[in-house]
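Peer 1: Okay, here's what each chain looks like letter by letter:
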Amino acid sequence: MRGSRKPAIAAVAVAAAVTIAACSSSTSTSTSSTSASSTSSSSSTAKVTLTWWNNGNTQPLLGVWQSVAAAFHASHPNVTISVDPIQSDLFTTKMPIALKSDTPPDIFQQWGGGQEATQFTSGKLTNLSSLASSWITEVGPAAAGWQVNGQQYGIPYDQHVVGFWYRKDLFAKAGITSPPTTIAQLESDDVKLKAHGITPIALGGGSRWPDAFYWEYFAVRECSESVLQSSIKAINMTAPCFSQATKDLTAFMATSPFQGGFNATQAQTGAGSSAGLLANGKAAMELQGDWETSVVPALTSNKNIISELGWFPFPQIPGGAGAATAVLSGGDGFSCTTGAAEPACAEFLQYIDSTPVQEELVQKAGVGLPANSAAESVLTDPALQAAAKAHDTAAYDAEYFDIAFPTNQGQALDNALADFFAGQGSNSTIINSVSSSSGH
Amino acid sequence: MARTQSAVRARPPRSRRVVRKRVELIVLLVPPIVLFLGFVIVPMIFAVWYSLYNWSGFGPLNDFIGTANYTGVLTGPVFHQALLHNVIIAVLSLVIQLPISIGLALLLNRRMRGRTFLRLAVFAPFVLSEATAAVMWYELLQPGGPLDALLKAAGLGGLVHYWLASTSLVLYSVFVVATWKYIGFGIVLLLAGLQGIPPELREAAAIDGATPWQLTRAITLPLLAPTIRIWIFLSVIGSLQLFDLVWIMTLGGPANASNTMLTYQYTNGVQRTQFGYGATVSVVLFVISVVFALAYQRYALRRDTAGALTRAVM
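One line per chain: the protein sequences are D and A, in this order.
The opening position of the first sequence corresponds to residue 77 in the working numbering, with each subsequent residue numbered one higher.
The opening position of the second sequence corresponds to residue 203 in the working numbering, with each subsequent residue numbered one higher.
Take these hints with a grain of salt, some might be off.
Stated by the list, open to error - For lysine-lysine, the following DSS-like pairs were computed, each having C-alpha atoms within a straight-line distance of at most 30 Å:
id	chain 1	residue 1	chain 2	residue 2
1	D	Lys379	D	Lys358
2	A	Lys354	D	Lys270
3	A	Lys354	D	Lys268
4	D	Lys268	D	Lys323
5	A	Lys354	D	Lys358
6	D	Lys176	D	Lys123
7	D	Lys440	D	Lys379
8	D	Lys123	D	Lys249
9	A	Lys223	D	Lys249
10	D	Lys465	D	Lys268
11	D	Lys465	D	Lys440
12	D	Lys379	D	Lys268
No lab work stands behind these hints, which were simulated from the structure alone.
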């Protein structure tokens with residue numbers, strides 16, 4: 077799941093252990109602030125308590141969200157926010173149950189795209205279009221990723237962009253002076269790195285979704301914007317450019333750029349994970365989201381790790397129909413649920429997207445691409461600046477496919493791609509994974 | 203007059219006893235029955251109901267598709283593969299875990315120095331949560347990780363493999379971890395069984411000149427059989443329901459090579475929000491488990507549980 081990408085530093089172990097408990101749809105996990113929840117528009121003072129399910133279950137986001145909730149309450153004394161941090165993966169199981177119940181959370185983590193469209197069918201998501209009309213422009217075109225049928229059912233608070241993180245020291249050691257801009261250059265750099273005994277690229281194939289980034293980026297480079305958009309919308313990948321992406325991927329994999337046993341390597345858990353390999357100098361590159369900077373510090377004892385990393389966009393493919401600067405992207409946001417608390421919820425989302433809170437997210441929570449680009453000015457890390465620039469100057473964004481598609485098809489694609497990386501399946505299993513609605 | 207009085211007097215105690223017995227029954231039986239209905243029977247009925255629909259978990263349950271989900275599950279090659287993996291784990295448990303458990307239990311049943319410590323050491327892994335054990339072994343089995351380093355140091359570098367990344371090895375790696383985790387449970391169960399064997403029998407046979415091997419084969423093992431049969435039952439059911447270890451170590455991968463029925467269910471039911479399909483897998487797993495349980499009760503456990511459970515099944 078997309079959500080797992082960023083804060084899934086919390087060990088998979090915890091996730092899996094809690095999954096069982098989560099199935100019981102218990103109302104609230106630990107919350108450190110305020111009372112037990114549920115909306116109550118009691119009496120004339122219209123005091124409300126909003127329950128807020130977010131995935132900030134680890135520091136620093138955990139603390140930032142708590143202070144944001146407290147600050148909002150200070151300026152809106154009638155509105156109390158009950159913060160309920162939940163590990164990302166658990167939203168998959170908790171949201172269907174919550175949205176069927178009479179007491180869903182008032183605000184909850186929303187990754188947009190097809191997943192949001194799937195949740196929309198519950199009828200419990202608030203249409204925020206008119207409530208947010210006065211300020212949604214601050215978010216810019218990114219807000220479109222949180223629309224269903226042209227209406228705003230969620231609002232992002234940050235953006236993500238996928239690209240190559242690399243170790244400047246290992247590139248220098250292999251005599252690579254500037255990052256590659258074409259796949260051919262990337263492949264020749266891989267050869268140089270290998271010649272120095274360095275694993276070129278770390279891949280978290282055990283987690284499945286990192287595999288998907290490669291194929292999706294090849295598709296973004298091979299398909300024109302209109303084909304890409306219409307294919308995602310129609311949930312149909314039979315356009316020839318997708319098969320070309322599989323060919324590109326096959327050729328790239330034939331150069332063995334990844335560490336041995338990458339099929340079992342997890343993305344973010346422990347020093348042996350793909351992020352850990354990069355963090356500890358066991359590999360020179362990793363194709364990952366901008367959230368990498370919030371993941372790697374926990375996986376190494378090297379205090380300067382962030383400054384040792386550089387960033388470059390996914391290389392170009394000569395002759396591809398896609399724009400050379402197009403990026404694979406996504407983001408995090410929130411949705412409100414229907415009920416008496418809707419206006420207060422919309423106000424809270426506005427507050428989260430206001431420049432001061434956005435700057436706080438950048439400075440304290442490691443957010444690289446704030447939804448409100450006014451806050452980008454406080455970015456200091458050069459690598460993140462490069463990622464932000466690539467995102468802001470991209471010809472267009474392509475949302476990661478597993479989120480852009482409805483959940484069922486998106487996950488099916490991730491699984492088919494992971495199988496392909498493990499040597500099972502073919503181009504047709506990838507292409508057809510999204511076509512059969514329940515093709516298991 | 204006197205008779206009537208005594209008759210009247212005789213009654214209350216009896217009816218009070220009847221009332222008390224009823225109250226006792228209600229107090230003792232109602233809570234478990236309510237729990238059983240609420241948490242076992244009702245969810246099961248719901249699962250069967252959901253399994254007849256194409257349902258994402260959101261919105262109304264209105265896309266009735268009959269048995270299409272069952273056709274999908276039962277004809278799916280990936281499900282067949284997952285089921286086969288469960289069976290392989292179950293068979294390996296019987297062939298490998300059982301002899302080891304019996305051997306170690308017999309050993310640990312003898313009086314020797316450090317017996318308490320050894321028993322504790324063997325049982326320790328069972329006390330760990332599956333999640334902890336899985337994360338620990340995931341780290342140990344990393345390429346170039348502690349296990350590989352150990353093998354190389356012992357001059358066995360040729361044995362180093364991609365324990366979790368190889369599609370042909372991963373299931374067996376998982377089995378070894380499961381064995382490590384559950385062997386202690388089997389041993390404790392068998393030790394308890396051994397305690398129940400009267401020492402006089404062995405002593406009498408020994409006086410009659412039986413060798414230690416004959417003692418074990420003709421007296422200990424037959425008397426341990428009920429415990430072994432219970433262990434087999436628990437082990438097979440556990441193998442069919444294997445999930446946590448596999449999910450944390452491999453997510454059923456790479457390429458479904460370590461999928462079990464439950465990881466298959468989680469991947470295709472929960473993660474893909476195909477809850478109707480997921481419910482179908484659960485129902486299929488439930489039927490397989492129940493059929494095994496009833497058949498095993500009927501044929502293998504009949505003697506052990508005669509009079510307690512078997513009346514209905516027999």
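Peer 1: Against each hint, give a clear statement of whether it holds in the structure.
Peer 2: Consistency of the hints with the structure:
| no. | hint | result |
| --- | --- | --- |
| 1 | D:Lys379 to D:Lys358 | 17 Å, holds |
| 2 | A:Lys354 to D:Lys270 | 23 Å, holds |
| 3 | A:Lys354 to D:Lys268 | 28 Å, holds |
| 4 | D:Lys268 to D:Lys323 | 24 Å, holds |
| 5 | A:Lys354 to D:Lys358 | 20 Å, holds |
| 6 | D:Lys176 to D:Lys123 | 25 Å, holds |
| 7 | D:Lys440 to D:Lys379 | 17 Å, holds |
| 8 | D:Lys123 to D:Lys249 | 62 Å, violated |
| 9 | A:Lys223 to D:Lys249 | 85 Å, violated |
| 10 | D:Lys465 to D:Lys268 | 28 Å, holds |
| 11 | D:Lys465 to D:Lys440 | 20 Å, holds |
| 12 | D:Lys379 to D:Lys268 | 28 Å, holds |
Checked against the numbered hints above, the structure violates hints 8, 9; every other hint is satisfied.
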